[in-house]
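Assemble the whole structure, with the sequences as input and the hints as a guide.
Residue numbers (our numbering), protein chains in the order written: chain S, 1 to 296; chain X, 1 to 314; chain W, 1 to 338.
Check each hint, because a few of them may be wrong.
As the list claims (entries may be wrong) - Simulated restraints on C-beta separations:
id, chain 1, residue 1, chain 2, residue 2, range
1, S, L109, X, A61, 45 to 55 Å
2, X, G209, S, S181, 45 to 55 Å
3, S, V41, W, L90, 51 to 61 Å
4, X, G166, S, P208, 56 to 66 Å
5, W, E27, S, H184, 51 to 61 Å
6, X, R84, S, V41, 50 to 60 Å
7, X, R310, W, R209, 30 to 40 Å
As the list claims (entries may be wrong) - If you want the footprint, here are the derived chain W segments under chain X, 3+ residues with CB under 8 Å:
id, region
8, 97 to 105
9, 170 to 181
Note that these hints are calculated values from the structure, not bench results. Every value quoted in this text rests on a predicted model; they were computed, and no experiment measured them. Ideal Cβ placement from N, Cα and C applies to all residues, glycine included.
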Amino acid sequence: MTTATAAEPELVSGPTAGPFRRFTRRLVRQPLAFGSLLVIVLLVITALAAPLLAPMDPNATDLVARNQPPGGGHLLGTDDLGRDLLSRLIYGTRITLMAPLIAVGVGALIGVPAGLIAGFWGRTPDWLLSRLADAMLSLPSLVLAMAIVAARGPSTVNAMTAVGLAFSPRIFRVVRGATMSVRHEVFIDASRAIGCTTKRLIAVHVLPNVAAPLIVQATVLLGFGVLAEAGLSFLGVGVQPPEASWGVLLRRGFDNLYMAPFQSIPSGLAITVLILAFQFLGDGMRDSLGKELRRA
Amino acid sequence: MAGYAVRRLLTAVPLLALIGFGAFMLTFMIPGDVAATIAGESATPQRIEEVRRQLGLDDSALTQFGRWAGGVLQGDLGTSMIHRIAVTQMIGERLGVTVSLVAFGLLIAVLVGVPAGLVAGLRPGRWTDRLVTVLTTLGLAVPAFWLATILIIVFAINLGMLPATGFVPITENPLRWLESMILPGLAIGAASAADVARQSRSAVAETVGRDHVRTSRAMGLRPRSVVGRHVLKNSGIPIVTVASLQVERLLGAAVVVELMFAMPGLGQLTVSAVRARDIPTIQGVVLTIAVVVILVNLLVDLSYAWFNPRLRKR
Amino acid sequence: MPDPANTEPSNAPALTIEGLRISAATEHGRVDVVDDVHLTLRPGRITGLAGESGSGKTVTGLAVLRLLAEPTLRVESGRILLGDLDLARLPRGELRALRGRRVSMVFQEPMTSLDPAFTVGTLIGEVLRRHLGMDRRAARERAVELLDRVGIPEPEKRVDSFPFQLSGGMQQRVLIAMAVACGPDVLIADEPTTALDVTVQAQILRLLRSLTDDGMAVLLVTHDLGVLAEHCDDLVVMYAGQVVETGPVDDVLAAPAHPYTAGLLAAVPSTARRVERLATIPGTVPPPHLLPAGCRFVARCPHAAPVCEEPVTLEDAGGGRSRRCARAAELDLEGVGR
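What follows is the structure, given as structure tokens:
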């Protein structure tokens, strides 16, 4: 995890090697992080190419071949309606990957502006927004999301928007911290002195410095998003049938636990691997950030 | 000390007020005709009107909030739309189960996590340290509900050692209660144990290198006292902090795991309330959980004074 | 405290170090940072262990209690004799029973060397309970007596203080009280006054002196020659990991036998001798991986000669003195009057 060293000696470090290139090079040298990136890319390809990869129609029921064990005609077996579990797992990749993106997107949409405001202006806006973040963080994300789903009604988008709202204070904190640390630097004062507008200041000076920690935090939150989607779908208040995500598959497997315990294994394992991949990638990215990008 | 406690208590007030306001606002997030939605699809117009009156939806938002907040302050969280029972009563009946499950999970997290962190932190870089690192990474990635599934498959279905369902109140039969707590406790506690182990490891590794630990050794104290008293107490604040953060995590996991083990706690209540869009119940659950989390944080802050005497005498 | 039979001044050494060699893991591989160290501590006497930073004096002090940061630092050979016991080879458990009871240590930074989470009484009491098997109440009473003994005013009140509530000097007194609580035969004091004010320094050193009345031997590690001249009975000078000169303080100061000692003395402003300008020894201590085969001081020595390229041993010079210099017999080095 953190065994890979952050302080790799620079083989090439001329003016041509920008911070981003150096970052990528350091990231590629960390086997766990790079492997995780590959896993995620492969899953994205799987999601896109699901119709080509899936051996069967994921929704085709076969009441004769119900609860088949793995092997034979069905590599991962069938569920209680005789649907091919491998095909469902492959198609499930789509929502499973899309859901955390929605959550993190919504979280960033709220958290980034709020963090910029709090970090840049300080004082009262900062105090108010920080208290709001504290309040939201004293509830488990899952419970906060469930409360909102209760009001808006269960659906994939509603559930993940709610999760995004629950994520927003975490993004807020990172952006606020990064903004504050840039804000006190000389060049901001200098820019002010030469008459830069606040909008321009934020766009030119603050945002680029906030980007690095924000991307790391977003990656970590994608992992939590996978967990949240699976949890909400498991409870039946997230992704709604006939749509299928890995969380839905896991729930179906759990309902069938005494009949066919094996149904719970592939989807649970897939969720765990995906969460691990986002975790390793986030750790690796954090370690790869050079001093020039590492803030907050 | 007393002054510190009071000041710390006061910071909880705006937090609770904000959470209360947010919970109240849930009603306004319902799309379309709130009364119709809450009453359900098959409701008669009379029923919809009844709901509207019951919720006081005709009044202004401010009046509604004032009425609701006034009730909350007197311990009245409203009436469940589904069960037609006071929310306070429903929560009261179920809180004990959830709190005992969370406490059990926390106990597992501390009993496993702190020793694991100690073993790893006392000898950084050793194979024990690496093993702990691998296990904590895995522990943090495995979702509680999948771990619960596996635990049920192994211990309930294959080995038949422990029950997968059927919660027994501690007052009825303490031994059966313990049996019914082990699997769900492990399921929700594993990730917390991993987190506690990770933080304990770094806290212990830092403390071991301090001068005063060398003094303890120079005075011939046994390793048991050096580690158990001097290292542990000085690593206490980060360990207690991370342990307290687990309460939030455990409550979240408990919601799912209670359902899996058919435990009549807040989780079950929440899930059924979300499905039925029973807003008053949800509001009550949100407030209750927030109070529990904030209360724990408060107690933890006060415990810092025990670990660091400087805070006490200021 | 030792039983009355032991308070008779005896000539038996309290602690002897013979041929101690300690290696350290560095970027240049394992190198010796202490080599061929010999020294003897006698009951009731304070022995000053002097040298520049990097001379190996602190490492030597820590090695006596086997408190080296292993595996970075490791004793390679030599004996550390406490009576019949070789501390360098004693099983860990037995060694722990001796630490704090027969051999004890106080450190340079009293502020960080006392556990901030416990009261002074608890810290002292813990040592008493560990070694003397006292119960909580007896240990507390004894802790109050010890605080009184080390010169802390209002000991009954201070016993319940936390370290951070005390001044640096008081903290050092507490550390000393812990170290001498069980009446050890040997106390290693590693620069105990470096972090303190000058006025407090003298008080602490006088306290150490008064503690030797019961026959305790003290090894006072210091780089301060003023402290040595004022407060020590015997002197051991180290240079680049080796002992270069030993002997009674007054004799060594009056007529040093090693050019390095003479150089150190010349660097100290003295009231007895008018100095135009402070003499300093040119150059620096060579790092452990670049030591010459012969005398280690050769590159900085004003008296260096071809004979100094040969290895040189620590040899007895009579009168309780010894030195490590090939030309000692022919040199007439200037000392300081007192």
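Checked hints:
Taking 45 to 55 Å as the suggested C-beta distance range, the pair L109 of chain S and A61 of chain X does not conform, at roughly 25 Å. Separated by about 29 Å at the C-beta atoms, G209 of chain X and S181 of chain S break the suggested range of 45 to 55 Å. Roughly 60 Å separates the CB atoms of V41 of chain S and L90 of chain W, a value that falls within the hinted 51 to 61 Å. Distance hint check: the CB atoms of G166 of chain X and P208 of chain S are about 57 Å apart, consistent with the given range 56 to 66 Å.
Checked against the hint of 51 to 61 Å, the pair E27 of chain W and H184 of chain S fails, with Cβ atoms roughly 38 Å apart. Judged by the Cβ atoms, the range 50 to 60 Å given for R84 of chain X and V41 of chain S holds: they are separated by roughly 53 Å. The given range of 30 to 40 Å is respected by R310 of chain X and R209 of chain W, whose C-beta atoms sit roughly 34 Å from each other. With 7 residues having a Cβ less than 8 Å from any Cβ of chain X, the region 97 to 105 of chain W passes the three-residue criterion, so the hint holds.
Proximity of the region 170 to 181 of chain W to chain X, defined as three or more residues with a beta carbon under 8 Å from a beta carbon of that chain, is established by the 3 residues found.
Hints 1, 2, 5, counting from the list given before, are not met by this structure.
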